[in-house]
Amino acid sequence: MESTSLAEQQRILASDWGGGKSPFGTSWSKFMMWIFIISDALTFAGFLIAYGFMRRVAPAWPVQMEVFDPLLITFMTFVLISSSAVMAMAVSAARAGDPKSATKFLALTILGGAIFLGCQAYEWWHFIHEGATLTTNPWGVPQFSASFFVITGFHGFHVFSGLTILAIVALRAAMGKYSGDSVENAGLYWHFVDVVWVFVFAFFYLL
Amino acid sequence: MASHEHAHPAGYKQYFMTWLWLLIMTSAALVIGYFHFLPEGIKAFLLVSITLAKIFLIGSIFMHLKSERVNLVMLTFSPLVLSIVLFFFTFGETIGTNPTHQLENQSPKFVMPTGEVKH
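Residue numbers (the working numbering), protein chains in the order written: chain B, 1 to 207; chain Y, 1 to 119.
One chain only, chain B, in its complex shape (with noise of 0.2 Å):
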């Protein structure tokens, strides 16, 4: 009865989540990763809907491609599109056991943020340069900069605190002391900063 008790036990700590089966097939650090991205939407999600709710009740609301630059919005938006895909393809030559290429791919993910986030810095420059505030702006909708601020400039955190992680994975990469599955989480976090700039290019810029 002893033995039995023991062999399973060990059994239980070798598996994925030392608690038996693994329920939705992944390692515990990506599952943790997805709940964090879970958690961190419903953030965004709770941000673009005060947005929606300011918007409606305001009694006007500026043409939003008339105070921003429609080509440098789209640039960005671009840019960050194309470092999610490189980013996708670092993850793929990390898994195949192709650390040289993972750290080309993981260089280029980190080009394409810093490329984003200087011009999120401009666009910043030029709106308070205009003279928006938290609580003012020259178009008479006080809601209209203060959800400008506050919706890119929690996204562009993500995005600086993105860089941050793709630089030390990519550290580690070039130094060889990497897994997959780092590579993979890393990416699964920078896909999910891809996708909060969808939502807000939709909502905030072109509706």
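Keep in mind the hints are simulated off the structure, nothing from the lab. Do not rely on the hints blindly, as some may be mistaken.
[To be verified] Listing some non-contacts, in silico: residues in chain B with all C-beta distances to chain Y over 12 Å: (1) S5; (2) L6; (3) L111; (4) G153; (5) F157; (6) H158; (7) T164; (8) L171; (9) R172; (10) M175; (11) K177.
[As the list claims (entries may be wrong)] Stretch by stretch, here's where chain Y covers chain B in the computed footprint (C-beta under 8 Å, at least three residues): (12) 37–48; (13) 61–75; (14) 81–92; (15) 193–200.
Only a predicted model underlies this, so the values are computations on that prediction, with no experimental measurement involved. Think of the CB as a built atom: it goes at the ideal place given N, C-alpha and C, for glycine as much as any other residue.
Using the hints, position chain Y against chain B.
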């Protein structure tokens, strides 16, 4: 372990095609959003549809959700479902308020936190 089984050494072409579709859909969204040639309702419907299509592509191909177990995929839908619930809850609160209109004259003026307007 689903994630360990499907490395994608030959998946670059699929990623490239996904990227291409995402760019095409982004361009379409820009045309719909920037040029005001559609009624607001149709414009909103098309923009939401394009956005969801893009999310579907990024999630299934880039984030490999199409290779994951169904219960994990279902879990990722929860923010979307809760957003829809939240939207209809808050949308109900806005009924009866003045409908938002786009500013025609965007002459600079500052509305101070006190409500005072400075031209």
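Hint check results:
1. S5: Label holds. Min Cβ-Cβ 27 Å, cutoff 12 Å.
2. L6: 26 Å, holds
3. L111: Per Cβ check, L111/B is outside 12 Å of chain Y; nearest 16 Å; holds.
4. G153: 19 Å, holds
5. F157: 19 Å, holds
6. H158: 15 Å, holds
7. T164: Nearest chain Y Cβ is 20 Å from T164/B, so the label holds.
8. L171: 22 Å, holds
9. R172: 18 Å, holds
10. M175: It holds; M175/B is separated from chain Y by about 21 Å at its closest Cβ, greater than 12 Å.
11. K177: The claim holds: K177/B sits with its nearest Cβ about 19 Å from chain Y, beyond 12 Å.
12. 37–48: holds (count 7)
13. 61–75: The restraint on the stretch 61–75 of chain B holds, since 8 of its residues have a Cβ under 8 Å from chain Y and three suffice.
14. 81–92: holds (count 9)
15. 193–200: Contact hint for the stretch 193–200 of chain B vs chain Y: holds, 4 residues under 8 Å.
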